[in-house]
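Asker: Letter by letter, the chains look like this.
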Amino acid sequence: MNSVILRVGTRYLAGILLVFSFYMMLRGHNEPGGGFIGGLTGATGFVLYAIACGTQDARAALRVLPQTIAMWGLGIALLAGLFAALFGDALFTGQWLFIGATESDKGLPLSTVLVFDIGVYLVVFGSILTLVFAMEEEV
Amino acid sequence: MAGGFPTDTRGNGLTGIVPVLFAGAIFAYFVSLMPAIAANEVIRVSIPWIPSLGIELAFLVDGLSLTFSLLISGIGTLVLLYSNTYLAGHPQYARFALFLTAFMLSMLGLVLADDLILLFVFWELTTLTSYMLIGFSHEAEKSRRNALQALFVTGAGGLAFLAGLILLAAASGTTSISGIIAQGNALKEHAMYLPILILLLAGTFTKSAQVPFHFWLPNAMAAPTPVSAFLHSATMVKAGVYVMARMHPAMSGTDVWLWTLTIFGAVTAVFASLLALRQTDLKQALAYTTLMALGTLTLFLGQESGYAMTAFATFLIVHSLYKASLFLVVGCIDLSTGTRETDHLGGLGRLMPVTAVAAALAALSMAGFPPFLGFIGKELKYAGAIAVASEPLFVAGAALLSNALMLAVAGVVAFRPFWQGSVPSGQAPREAPWQMWAGPIILASLGAVFGIYPDLLQVALINPTVISLTGEVGEAKELKLWAGINVPLFLSIATFVLGLLFYKFHVQLRAKLEQGFQAIPNLDHGWDRFLDGLKGFAKWQTLLVQNGKLTSYLFATFLTIAAGILLTLLYTGMPMIAVDLSDVEWKHTSIALLTIAGALLALVTNSRIAGIAALGVVGIGIALIFIVFSAPDVAITQLLVETLVVVLVAVVMLRLPSLPKAEFRLGHAALSIAVGASVSLILIAVVSSPLDLRLTDYFEATSWPEAYGRNIVNVILVDFRALDTFGEIAVVVIAALSAYALLRTTRKGDQK
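Sequence lines, in order, name chains A and B.
Going letter by letter, the first sequence gives residues 228 to 366 in my numbering.
Going letter by letter, the second sequence gives residues 897 to 1648 in my numbering.
Honestly, the hints are just simulated from the structure, not real lab data.
We treat Cβ as the ideally placed atom computed from N, Cα and C, and that holds for glycine.
Honestly, I wouldn't trust all of these hints.
[Said to hold, decoys possible] Chain B side only, calculated, beta carbon under 10 Å to chain A, not exhaustive:
#1 VAL1547
#2 LEU1619
#3 ILE1625
#4 ALA1632
[Claimed, not checked] Going by beta-carbon spacing under 8 Å, a handful of chain A positions derived as facing chain B:
#5 SER230
#6 THR295
#7 PHE319
#8 GLN322
Turn these sequences into a full structure, and let the hints steer you where they fit.
Answerer: Below is the structure:
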């Protein structure tokens, strides 16, 4: 699709969508969102980019092959699950670390659950882009 | 395979020597067990394998399995030694040695297994490894075809065999073979005895090539000669015989057992002897005499008397010794002269003296002349045949005829090429290197040694084997060269006379047989047509199920869904349906109307872009429903997926020509209504039944205190049910990669 307006608009929109997708992922534990929704949102950004500027540009902007991203996501999710083994817990048991926690405040919660969610994000993101790019190039 | 012996007799280096030493070590181990077995001990080793099913890695060494093990590992060692020279410098020798060793180990596992499941595993392993061996010369199409034929015939028998073993295990309540045998007559009185017997025999008869399944065995001669020597003397084809012998104590003695084995065995023995005499190819002739031996062994297993069992054990050993020896001799002749045709061979005796001696010793044993073990075997055969209470004439007649023919074949194979005629011009035969005559001479001399000192064999192997076969001590008859003037002796004399006559006139007989056999249908001829038919059928049914039309795939999928639901409802009865419309608000109604409108538009439009948009409306309507019922996560996901699907579909669809005018299809309409109705019915039924809130309550109560999350949906996804989610994302990746691969493949295809 050769439209200057869409192309210029996309440059900004895609970036915003990407940032927003991280936000959606991170807030997922307490508010609507999460890795799955985040991954979909992020993928939408690149799909838009591919439609406006072509898949070649979109691939160049992504730098990495989308299927590689998906595989990394799967690996990260698995590692997050295996991490529990270090503490003798069952597979995929969440491990938590509260940085700077006090009596009243929990501080900054970090967990393998978040790492797992990042894995889900990458899987969804990578898989959808794999599919969309291939389709776009095919037709 | 012209060209004489390999000039480099050093063989194949380490790959040639290591297997020989390995097999030799196994043989030595089994020899070390002989004293214990001769003292009527039984050695059993077992390791739990699948304890929940009571299946063990159990191995049993008794007389029967030790006899087989010694033959397998002993002949295996000599064959490996022989092959090292026979195939010296062959580029794929390592592969050959691997297959042969693997086959030998499978065979050993088979005869030592004391568990039905374990037995079956080794049974199939022998089928697979023998397939590799028969098809070793894979450049030749004939070799591939014949290997596949052997695989299919024995594999099909193997399936029946498996069914038989499972029934057997169910009937006797254990998979342990010694356990089943210990139950005595229980199996024979079991209601499932007949089906078990039929299935097991289907397996053993195909494996041991009994008529009418015999056709694969001569074809298997496409294998290199050492393989034939190994597979058709003591191993592969004896596997079926072994299983029948192993089950003998538990299953023999009934009329069905007696008559099935006797008739199949006798017919195979006589039929195969006639076929053997017809052959002009030495190896083919030997292949048919193997069939004769298998028939004879089966014939004896049909009986129960001590004579028959002793005859079985003796003939088993005799046959393995002379047959392996003769096959190896034929391999020597083949390499030396470049032919295996009897008509093109002669006068080899002086040029290949050692080979000729080995051949003569083996042939005399095969023909049953004294003082060879073959003579004792034959005497016992007759004694065993006469001891058959029911039909001595039939059994003795079959034995007499097949023995006489065997004598004639022994003359054709091992006497004529060496001591008659002269070397045809163009051949320059030489003596074989020692590695190649060592095997035949050792095996053939053993036939003479055991014939002169039968006691050696009697105590060490025959008695324990007969105990395994009958389950009783003291049933074995004595092996003697001179048993006095009795009926077997007269029968022996008759055999010699008849056999020498057959030999004298074998050329004329062959012509007669040729005519006779033209008339008999041969399954081998139908084999290729059968395979072609099978392939044609497979193609036809694949095209029927996978016709490449998306419409028919979707039709089948939805038909299955609708039929599944409706049939279930039909069987379980209609669920209780209570629809309460009192709390429906205007927003619910309007969302429903919007969705329905979208669906209707998608049905009637013939513009693709309108159709996609209409489907988008349906998706958004559903997302709105999620929002109304406060499921924001699901709604967001639905909206995003909907957006992406529209993009994806649009990319594809916009390139396609516009839709043909929508026409009414009654079948599709009926199916749509059926699917819609059944899914709605199910949903209403689900809503009507009281909701079980236990899980909801649990997640609500624990989500924050235990998982530190307030968004229950996400906490379930990434924490409570993280393993499920992991499985799902794995599926997502696999789906994406598969679709990617498919798209890539078609594109490459287009470029061509």
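Asker: Need the list of violated hint numbers for this structure, in ascending order.
Answerer: When the structure is compared with the hints, numbers 5, 6, 8 turn out to be violated.
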